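**Q** So the sequence lines, in the order shown, correspond to chains S and V.
According to the working numbering, the stretch in the first sequence is residues 1 to 344, in order.
According to the working numbering, the stretch in the second sequence is residues 1001 to 1344, in order.
Just so you know, these hints were derived from the structure itself, not from any lab.
Warning: the hint list may mix true and false statements.
To give an idea of the chain V side of the interface with chain S (calculated C-beta under 8 Å), a few residues [unchecked claim]:
id : residue
1  : D1067
2  : H1069
3  : L1168
4  : A1170
5  : N1178
6  : D1186
7  : T1201
8  : G1205
9  : V1213
10 : F1226
11 : N1229
12 : M1231
13 : E1249
14 : G1253
The structure presented is a predicted model; accordingly, all values stated were derived computationally and were not measured.
Quick reminder that beta carbons are idealized off the backbone N, C-alpha and C, glycines included.
Protein chains: 2
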Amino acid sequence: MIIAVDAMGGDYGPSVVCPGVLTACERHQDLTVVFVGDQEKIKPYVDASGAAGRVSVVHTLEAVGMDEHPSQAIRTKRRSSLRLAMEMVRSGEADGCLSAGNTGAIVAGGVLVVGRIRGIARPGLGVLLPTLKPTLLIDGGATVRCKPETLCQFARMGSAYMTSQMELNAPRVCLLSNGSEEIKGDDVIALAREALSADKTVNFGGYIEPNEVTFGKADVVVADGFTGNIMLKSFEGLVSYGMQLIKDEVLSGLLGKIGLGLCYFGARRLKAKLDYQRYGGSPLLGVDGVVVKAHGRSKAPAITSAMDAAVRAVQGDIVGVIRRRAGSDASDEADRTKERLEAE
Amino acid sequence: MIIAVDAMGGDYGPSVVCPGVLTACERHQDLTVVFVGDQEKIKPYVDASGAAGRVSVVHTLEAVGMDEHPSQAIRTKRRSSLRLAMEMVRSGEADGCLSAGNTGAIVAGGVLVVGRIRGIARPGLGVLLPTLKPTLLIDGGATVRCKPETLCQFARMGSAYMTSQMELNAPRVCLLSNGSEEIKGDDVIALAREALSADKTVNFGGYIEPNEVTFGKADVVVADGFTGNIMLKSFEGLVSYGMQLIKDEVLSGLLGKIGLGLCYFGARRLKAKLDYQRYGGSPLLGVDGVVVKAHGRSKAPAITSAMDAAVRAVQGDIVGVIRRRAGSDASDEADRTKERLEAE
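Isolated chain S (complex conformation) (with noise of 0.2 Å):
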């Protein structure tokens, strides 16, 4: 299995993509790697590496910012280490990337080089959260507002997701809203309610609030990218300003030193249960490849945790699934079509 790696993205960069990497390749021996960027910062790792075999270097010294203009950046860095790693998998070089960079560059790239999966109109980010049993969240941030349809393809492929990777049989799906009353929500998830509710396919369980998805009530949230994504930050937030907190209230005396050593081990298995870094690797759901996210801020674990996700999505056909479970007949060809053309 290939997977092609844009070693220029994150807030780090090679530092942390490339040992992250790396430590993939010694988990998984049938794992090969290109690294996509500047080889002058790429080659030291490898060549410390006992991997180094089976990993190759494609130069590039482009590369698209944290803060660029997504589409933009995606159409004119024809050479950007982004949009290279993602041409492999649109002509077939690689199985799968992954791409730690500017989230919308790699929303846009998946729609534009790698182009979507017939009768996906949106693709969306899943986001494995680390609530009382995992919960997939989808869509973490890809598409910001959603018509009720996408929701609704949201929940299709949350749910193919969650049976293939996850094994689960039949996961309860769920609409994310301010309530779980049908007066709920707003008129666009009234209306996905509604077609999911007539929808054989999807074993949906209705709105659920954030508060009840800390305790995995779902084994699928499906929300539109800009909803989803305040759930995740909020969450991110909190746990942050707790940690914050019991260095300030805890650790500040003595006694609050002694207590949390003797609490060491619950305290590690608590943090490492609310730690992201654990599930560093989201898959953008809904394009005609396996294209996974690593968040911006990854270290070193957590970029080797969304190279687990990519072996797992490659060696689950999770895009083969969806294609089957979640895309559709419409004839949507030509919009495609001429999507692929504006990034020629």
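Fit chain V to the known structure of chain S by using the hints.
**A** Below, chain V without anything else, positioned relative to chain S:
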């Protein structure tokens, strides 16, 4: 000062509302309370209280349930405890009212019974967040989706609230979004951003993400009621989940028990900081009278702090402040009259 209290609201009704309010009476010697609800259930608490002389009861058996359709309940249940309490605010018999009941019904009653402040299109629930420094979220869930102008009104009302009630000088007001860069957000938020950037009366700081909110990087966070509610419930959900994890992972072993015992004071401070019960009361800003909503799951201490919020709002004449600083001469008189007539 007279506060009318919907004694029947909330998940626990008079059994927590009455004790919570009576504690507030002991704290505020100039406070007079009118309980509205089933006198059989209210009387025992009043009789046992030292503040009985400053407490009266308006008897009614009708109440709005937590799951009822909000505006319908307000229109048809003319003798409900919530509506009667609000009518006392409208008529001037009370300086403000408090309810832990159905949020939607409180909002509908605020608009239809108490009435909007001139020029304020929609009310917003102002929720003080237990972040690193107190931050006001507006809207916590009153107006599900908003026009850009409504978000701007929320910004002005939030700014007025934090200036007048928290004595902040030029509070920093930010729009909640899925990223801080200008290209983030959706169309509605982008238009609000433009308008607020040009508004000299607000110290506008652009977009803010939820993970910055927790660290108090804004004094006022503006969002539509849907998005604000998602963030709020994400915070709440993660706190509950964290507490559960501490129980499961840390307190499960003897060492962890002893360790957490040693952290007792720090942990108590930490818990207190994250506890929403401390910030029990959320004013419904934009209506022409003091209306404070307590969380439906409030226990007595949360009701007491909600009463504190109501007392502060009356003392600081928050309605007058908003009328002067955020209201306008917009001739929406006809609409306001129509709304009031709808309630008749």
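**Q** Indicate, hint by hint, whether the structure satisfies it.
**A** Now for the hints, and whether the structure bears them out:
no., hint, verdict
1, D1067, "6 Å, holds"
2, H1069, "6 Å, holds"
3, L1168, "21 Å, violated"
4, A1170, "24 Å, violated"
5, N1178, "4 Å, holds"
6, D1186, "5 Å, holds"
7, T1201, "27 Å, violated"
8, G1205, "17 Å, violated"
9, V1213, "6 Å, holds"
10, F1226, "5 Å, holds"
11, N1229, "4 Å, holds"
12, M1231, "5 Å, holds"
13, E1249, "5 Å, holds"
14, G1253, "6 Å, holds"
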